[in-house]
Amino acid sequence: GAVVSQHPSRVICKSGTSVKIECRSLDFQATTMFWYRQFPKQSLMLMATSNEGSKATYEQGVEKDKFLINHASLTLSTLTVTSAHPEDSSFYICSARPSMTRLEQYFGPGTRLTVT
Amino acid sequence: ILNVEQSPQSLHVQEGDSTNFTCSFPSSNFYALHWYRWETAKSPEALFVMTLNGDEKKKGRISATLNTKEGYSYLYIKGSQPEDSATYLCEFPHAGKSTFGDGTTLTVKP
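Listed in order, the protein sequences are those of chains A and B. Residues in the first sequence are numbered from 1 upward in steps of one, following my numbering. Residues in the second sequence are numbered from 1 upward in steps of one, following my numbering.
Be aware that a few hints might be false.
What the hints assert, rightly or not - As a list, the in silico DSSO-like pairs of lysine-lysine whose alpha-carbon atoms are at most 30 Å apart:
| no. | chain 1 | residue 1 | chain 2 | residue 2 |
| --- | --- | --- | --- | --- |
| 1 | B | Lys-69 | B | Lys-58 |
| 2 | B | Lys-42 | B | Lys-109 |
| 3 | A | Lys-20 | B | Lys-42 |
| 4 | A | Lys-66 | B | Lys-57 |
| 5 | B | Lys-109 | A | Lys-41 |
| 6 | A | Lys-14 | A | Lys-41 |
| 7 | B | Lys-97 | A | Lys-55 |
| 8 | B | Lys-42 | B | Lys-57 |
| 9 | A | Lys-66 | B | Lys-97 |
| 10 | A | Lys-41 | A | Lys-64 |
| 11 | B | Lys-59 | A | Lys-41 |
| 12 | B | Lys-58 | A | Lys-41 |
| 13 | B | Lys-59 | B | Lys-109 |
| 14 | B | Lys-69 | B | Lys-42 |
| 15 | A | Lys-20 | A | Lys-55 |
| 16 | A | Lys-41 | B | Lys-78 |
| 17 | A | Lys-20 | B | Lys-69 |
| 18 | B | Lys-58 | A | Lys-14 |
| 19 | A | Lys-41 | A | Lys-66 |
| 20 | A | Lys-66 | A | Lys-14 |
| 21 | B | Lys-42 | A | Lys-64 |
| 22 | A | Lys-14 | B | Lys-109 |
| 23 | B | Lys-97 | A | Lys-64 |
| 24 | B | Lys-42 | A | Lys-41 |
| 25 | B | Lys-69 | B | Lys-109 |
| 26 | A | Lys-20 | B | Lys-97 |
| 27 | B | Lys-97 | B | Lys-109 |
These are computed hints drawn from the structure, not numbers from a lab. Computed from a prediction, not measured in an experiment: that's the story for all the values here.
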């Protein structure tokens, strides 16, 4: 149980275009999902907390107009990288908590974004 | 910014060796500590949730201990196997957010 999927797993896009990444909880409902970015040889950096039915909470330094997050249902959150630039190339990974009482996070497999 | 550190950064052991690594975190306002195993091309997988000082949890050959007063947790692997090769992450949730260590990458050579 507690499976999180992420799509696509890899995407290459041209500079200036937008890319949408989907995160789905397959066998549980998640009122809260998290989006992380991993820089080379570094750990996971929280970008934003996605709350179903409300606006996402962004971490300091993360541009909310560039990284659009939508949590339309209890099983789906999307991250859209708008007007992507090469410096946005990174590994993006989402996670979800099944409930407020379950402390651990369940992660998706991640999306490798390359902007050319 | 919370200081969550893992050491060593990487570890190479022979099959059958036992090994351990450390996660250190702020000792004040402790809530919980999580350990994850992250294998290449897979999702990070939750290993342990540590909540009480003195906690010791075990899953097969892997175990973890917790010292909240001094702010560290150890992860032990007994008789390492090649399938244990992965990056082991610790997560320190605090004030509704999470801080991850940089991970310890374990390579077990057959």
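Tested hints:
1. B:Lys-69 <-> B:Lys-58: holds (21 Å)
2. B:Lys-42 <-> B:Lys-109: holds (20 Å)
3. A:Lys-20 <-> B:Lys-42: holds (21 Å)
4. A:Lys-66 <-> B:Lys-57: violated (42 Å)
5. B:Lys-109 <-> A:Lys-41: Holds. B:Lys-109 to A:Lys-41 sits at ~22 Å (cutoff 30 Å).
6. A:Lys-14 <-> A:Lys-41: holds (25 Å)
7. B:Lys-97 <-> A:Lys-55: holds (16 Å)
8. B:Lys-42 <-> B:Lys-57: holds (24 Å)
9. A:Lys-66 <-> B:Lys-97: This hinted pair holds, its Cα atoms lying about 21 Å apart.
10. A:Lys-41 <-> A:Lys-64: holds (25 Å)
11. B:Lys-59 <-> A:Lys-41: holds (28 Å)
12. B:Lys-58 <-> A:Lys-41: With Cα atoms ~29 Å apart, B:Lys-58 and A:Lys-41 stay inside 30 Å; holds.
13. B:Lys-59 <-> B:Lys-109: holds (22 Å)
14. B:Lys-69 <-> B:Lys-42: violated (34 Å)
15. A:Lys-20 <-> A:Lys-55: holds (17 Å)
16. A:Lys-41 <-> B:Lys-78: holds (27 Å)
17. A:Lys-20 <-> B:Lys-69: Violated, at about 44 Å.
18. B:Lys-58 <-> A:Lys-14: The given pair, whose Cα atoms are some 47 Å apart, is violated under the 30 Å limit.
19. A:Lys-41 <-> A:Lys-66: holds (24 Å)
20. A:Lys-66 <-> A:Lys-14: Distance ~16 Å between A:Lys-66 and A:Lys-14 Cα, so the pair holds.
21. B:Lys-42 <-> A:Lys-64: Cα-Cα ~28 Å, so holds.
22. A:Lys-14 <-> B:Lys-109: Answer violated: A:Lys-14 to B:Lys-109 is near 40 Å, above 30 Å.
23. B:Lys-97 <-> A:Lys-64: Distance of about 18 Å is within 30 Å: holds.
24. B:Lys-42 <-> A:Lys-41: Since the Cα atoms of B:Lys-42 and A:Lys-41 sit roughly 17 Å apart, the hinted pair holds (cutoff 30 Å).
25. B:Lys-69 <-> B:Lys-109: Distance of about 35 Å is beyond 30 Å: violated.
26. A:Lys-20 <-> B:Lys-97: Roughly 24 Å between the alpha carbons, so the hint for A:Lys-20 and B:Lys-97 holds.
27. B:Lys-97 <-> B:Lys-109: violated (36 Å)
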